[in-house]
Structure formats: C-alpha cells, structure tokens
Amino acid sequence: MKASQSQWQSWAQMMRRVQEGDEDTYRTLLNEVGPLLYSYVRRRVFNKSQVDDVYQEVLFTLHRARHSYMADRPFAPWLFTLAHNAFLDAIGKNRKFAEREVPVEFLPETAPDEEKDESLGDELQQALLRLPESLRRPVVMMKIDGLTVEESAKRLGISETALKVRAHRGYVRLKKILLEKRAKA
Amino acid sequence: MKRKNQGTKTKKGFPAAHEGAVERMIHGLRPVKTPMPIWAQWLCWVAPVLALTVFLLSRVSLRDDMPSLSPVIYNLLVLFIFMGAALAAWGVLESSIPAGEAKGKWKTRVAIVLYGLAFLLFVLFLPWDMENYPHHPLYLSCFVVSLVVGLVAWAGLGLLIRHNAPLNSGRTGIWAGVSAFLVGLGVVTLHCGSHNLAHVCLEHFLPVLVYSLLVGWLGSRWLCAWKRKPLSK
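Going down the list, the protein sequences come from chains A and B.
Going by my numbering, the residue at position 59 of the first sequence is 59; the numbering climbs one at a time, nothing skipped.
In short: position in the second sequence from 1, add 1000, done, that's my numbering.
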C-alpha cells in the first residue's frame, strides 16, 4: 500500500492540527493512516494471532508520541520510525510472554500444512530480529513489504545506493543466520 | 495455502481493534506542547552549563602549571573536550526525536573521536610522569568533581530529552552521559595540574566512559516516561 506525496503533505498538516487538539482531524487521520500501518504490521508479524495486538500497540505509541512530530520535518519517516519501534517493543513483549507460557498437554488438532507454515514464519521472524536494525529495515521493506527502492529509501531517509548496499548485506546475513539455525537443528 | 485465523476486520484493511483503539485515543484529546527546535533546546542546555562551568572555575583556582605547558596543545585539548560535549549534546537531542537518529548519530560519534584525540594530545604532547600521584586530603578527588558536574549537566540534558520522544532510552542516556561527563572532564582539566599519567587516566578520562554507562541505566528508566503515559489525561 502506497501513499502519494500530496497525501503525505496533507497528513502532515493534519498532524499539526491534531497537536492542537482537533478530535475530528485526529479521527480522519487515523482512519486514513490506519490501513497503511495495519499493512505494515501484517507484513512483519508472521504469527497472525498477534497482528491486531501489535497494530493496537503501534497506534497507542503513535498517540503517546504525537507531541514529538516537528512541523518542519517530513511525516513519513517519523510515522514509520515510531511504527517500527512499537512493532519491535510489542514483539519483544509477546516473546517474553510466550516464554512464560505453560505448554498444554494436549494440543488441539490443526492442519499439518498450516502448522508448518507458522513455524517457518516464526523462524524467519526470529532470524529477522537478529539482524541489526540498519539492515533489517531495508530487507523487510524491499522483500516483505514489496516497496520500491525509491520508496524505501525515502521512508528511511537515506540514498538509494546506501539502501541497496544495506539490503544486500541484510540478505547475506539473514541467509547465514537461517543456515546456521538449520545446521544446528 | 490460505490461512484461517486472519485478524477479524470490520471493513477493508481495518481490523476490529481499530475502532476501539481510535475511540480510546480520541477520548479527552488535548493540545500537546511540541518540542522546541533542536538549536533552541541545545542553547537551553549550553547556556546554564557554561554558566556552571564559569562559576565553578571562579570558585576554584585554575591549574598552576600553565607556564610549563604548550599553550597551543593545551588550548586544543580543552577545545576538543568542550567541543565534544557540545556536539554530543546536539546529537543526542536530535536523536531523541523519532526519525532523527541518523542525523544525531554522526555527531555523537565525532564527540567520541574528539575525546580520543584529547587523550592522545595529552599523552603525546604534554608532559607526564608515573610518579607523584596526587592525594586530595582537603579537596574532592577529580573523579568526584567530574561526577558531580556531569550529573548536573546530565540531569539538565535529560529534562530536555524527556520532553522529546527517545525511542532507545538506554542508548540516549549513554550519549547524554558522554556529553555531560565531557563537561566534567573539561572542568577537571582546567583545574587539576597533575602530570601523573595514572591519575589523568583513572580520574580524568576513564570516568567519562564509566559514568556514561552507569547513567545509561538510569536513562533507560527515566527517559522513556513518554511510553508509559496514559492515553488520555
């Protein structure tokens, strides 16, 4: 899902009004930006049962940090940096919670293919989380979100060449992590 | 294969959780105070810190071995230390605004390089010895002075950062510490005339790194208060 330059500018103006306490504009802004953020979260969270929780956490983080948007700065990097950070925080919380969970004795019946698919998702997600942030974001944006080089570079606020270099390093590192994990298993 | 347990959605692209979350966020929405421009925040920190430094140096004497030092090297060393402090403060203030991390990062890195250069200037070009480790029977040790000055400067910087929205509060705390304790190092360098290498390493330069790491822990608790704010006041 992509937004045009004029849309981003309009959202930046709306954000300024939100900072002044305009409720209607806030509702409109959230309804317009919501699908974009939801799509961002859905492409990163491979465990589908967590998607809604993480999305809600992203919205709340955005709300708590709404004062920090500076009118002279572009809106997109601010929004996605917050969303990305909230996503990492939420995933971290969920992982800690999962570690404390008591395993049930009898697992409910599930389709084998689906289970296999979930574990593959978890494995990839864990490998992605082991990448440093500077490499993870280009990989996720270009390979999972399917954004173009231009769009990804714009969101990260770096040059296209730098993005390509980081993405390449990210793939190499990701491949190494996954291979190591497979070898251990 | 299509997954069965996709999140429930009310309309296209929206999960069921969206409406509820939006209502909670909009309820009791109030105007918020936006952060000052970075340069204004930086000036708000630099001016009192400069005043504190001048006040402290007016109460205690400047080092008494000035004639034996090369003025160019000594001035350069002091300049590197204070420039490092100012640059790190600017960098950390920039980094504490979401999406400003990349802009702030290089400044904090240059501050560390300046700190390293200051140390090299001392070791390579200023006179030092391995004897006469100074004792401070009447006055505070250099590392205590550095701690007190640095903590005051760090608290001031922390108050400014806290109003922004630092995403990694621990790291922000450390970089703010580098800036603040470089001020402490600057004050101590202007005051203490010891030429003992062990003293200068242990009580002047090393505390900058040690204290910065310690306040990083404090920062991880204190600077992320914005993440715990209730949704509506």
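Hints listed in this document are in silico derivations from the structure and should not be mistaken for laboratory results.
Just so we're clear, the structure is a prediction, and the values are computed from it rather than from any experiment.
A few of these clues could be false.
[As the list claims (entries may be wrong)] No more than 30 Å apart at the CA atoms, straight line, and that leaves these computed lysine-lysine pairs for DSS-like:
| no. | chain 1 | residue 1 | chain 2 | residue 2 |
| --- | --- | --- | --- | --- |
| 1 | A | Lys-184 | A | Lys-154 |
| 2 | B | Lys-1105 | A | Lys-175 |
| 3 | B | Lys-1227 | A | Lys-154 |
| 4 | B | Lys-1105 | A | Lys-164 |
| 5 | B | Lys-1105 | B | Lys-1229 |
| 6 | A | Lys-164 | B | Lys-1033 |
| 7 | B | Lys-1103 | A | Lys-184 |
| 8 | A | Lys-48 | B | Lys-1229 |
| 9 | B | Lys-1103 | A | Lys-154 |
So, going through the hints one by one against the coordinates:
no., hint, in the structure
1, A:Lys-184 x A:Lys-154, "38 Å, violated"
2, B:Lys-1105 x A:Lys-175, "28 Å, holds"
3, B:Lys-1227 x A:Lys-154, "26 Å, holds"
4, B:Lys-1105 x A:Lys-164, "21 Å, holds"
5, B:Lys-1105 x B:Lys-1229, "27 Å, holds"
6, A:Lys-164 x B:Lys-1033, "38 Å, violated"
7, B:Lys-1103 x A:Lys-184, "40 Å, violated"
8, A:Lys-48 x B:Lys-1229, "28 Å, holds"
9, B:Lys-1103 x A:Lys-154, "15 Å, holds"
Comparing the model with each earlier hint shows violations of hints 1, 6 and 7; every other hint is respected.
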